[in-house]
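Chemist: These are the residues of each chain, in order.
2 protein chains.
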Amino acid sequence: MTKKAVLLLSGGLDSTTTLAMAKSQGFEVYAMSFVYGQRHSHEIEASRKIAQKYGAKEHRVVTIDLGAFGGSALTEEGLAVPKDRSDAQMGTGIPITYVPARNTIFLSYALAWAEVLGAYDIFIGVNALDYSGYPDCRPEFIGAFESMANLATAYGVAGGKRIMIHTPLIDLTKAQIIRTGLSLEVDYGDTTSCYDPTPEGKACGHCDACQLRLKGFRENAMPDPVGYA
Amino acid sequence: MTKKAVLLLSGGLDSTTTLAMAKSQGFEVYAMSFVYGQRHSHEIEASRKIAQKYGAKEHRVVTIDLGAFGGSALTEEGLAVPKDRSDAQMGTGIPITYVPARNTIFLSYALAWAEVLGAYDIFIGVNALDYSGYPDCRPEFIGAFESMANLATAYGVAGGKRIMIHTPLIDLTKAQIIRTGLSLEVDYGDTTSCYDPTPEGKACGHCDACQLRLKGFRENAMPDPVGYA
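Residue numbers (this note's numbering), protein chains in the order written: chain A, 376 to 604; chain B, 376 to 604.
Heads up, some of the hints might be wrong.
Which copy is meant is left open, because identical chains are indistinguishable; a pair holds if it fits in one copy or across any two.
Unchecked claim - List time: in silico DMTMM-like cross-link candidates among lysine to aspartate or glutamate, alpha-carbon distance up to 25 Å:
id : residue 1 : residue 2
1  : 536       : 521
2  : 378       : 459
3  : 577       : 496
4  : 379       : 403
5  : 379       : 594
6  : 536       : 515
7  : 378       : 594
Since the hints were made in silico from the structure, they are not lab data.
For reference, chain A alone in the conformation it holds in the complex (with noise of 0.2 Å):
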């Protein structure tokens, strides 16, 4: 019998292939994307046609309100994305480009999918290495959530098969992802992770997340097939 997955879906890098992952172990995935106030909607795009692209076997796009709580660069106006920062200034510290509690609910709302669909898997493209500063991208944040999960929804309650979050970017760096991806078959160009990008959605090459994708494919000796600026 086919496993039912939730899987977030940011249509970036890292969920695209994260989306490959689980495919290619044998789940059947449900995708969750999320518009949530971010300054640009091709996000949303291009997470639409991937999950097309790689078989999910539904998609989901959940408007959420988190914007109007403020405090991150990438939902309110007034804050500038930082560009060009060096490795040492992205490696301290809290980016300006963190959302409030952003992965707690967007893993509730996976939880809630999940419960509905009978489904006890959830994946999510976090990564510890290169989002050291977002303090819900790390291993003991995951493993907490897991926990709560377990007691939260009435598979708690009946005991037996626990849920899991599946985190398989975890420990890699990006030139680890790119190659597991491209060894999957996944086509880089069709995903995107400016979090500025030009209002056509052309990449800024400047940003944190233009920075560390194009280290990993310079890592890998080849270029970024996405456009940029």
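Since chain A is already given, all that's left is putting chain B on it; use the hints.
Modeler: Chain B only, in chain A's frame:
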């Protein structure tokens, strides 16, 4: 200095009592309510009135897409709200009015707002006695959420002060909750608990929520000031 707290406010008897308790403990209360595909909007109107009357500093109403997941009598048109169940029936199993991962999603939004406000305290009026069938009303769930919350956020990285999830009603009977609220001058005529009210907002008197509430007033030898159909 006044301590800020985020409080989940449904407009029902429990959350209104919780609001009065948080205020009496000296918290500056930021109340948060949710529109989530439940069949009736009179709960939101009640919560607006209650937030103002009982002195919330601010009140936000967040629309969420929980209904899209289905699976509960409170969010799906096709499922009937159970009526006139015995105490024994109410005490066993997970009721059909359970909404998948609801409190997890609500608390995740509260956590996001708390982080933006710089608040360390979150109040939720869950009750383990009357709602023993709801997995996400149990103390072990609340404890697990609190642990997760402290790892999910910037707080968790900074260390020091910890986020606390307050559940002042968790061990109280409905009769004790009502006595507590009355001592804090709560007018329960403002509150609404019914799962299946008339279009005019009158309580049905027969669903689990109405039955528990009526029993609580009976045990205090007083009439429920709310209007029944």
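Chemist: Of the numbered hints stated earlier in the document, which are not met by this structure?
Modeler: 2, 3, 5 and 7
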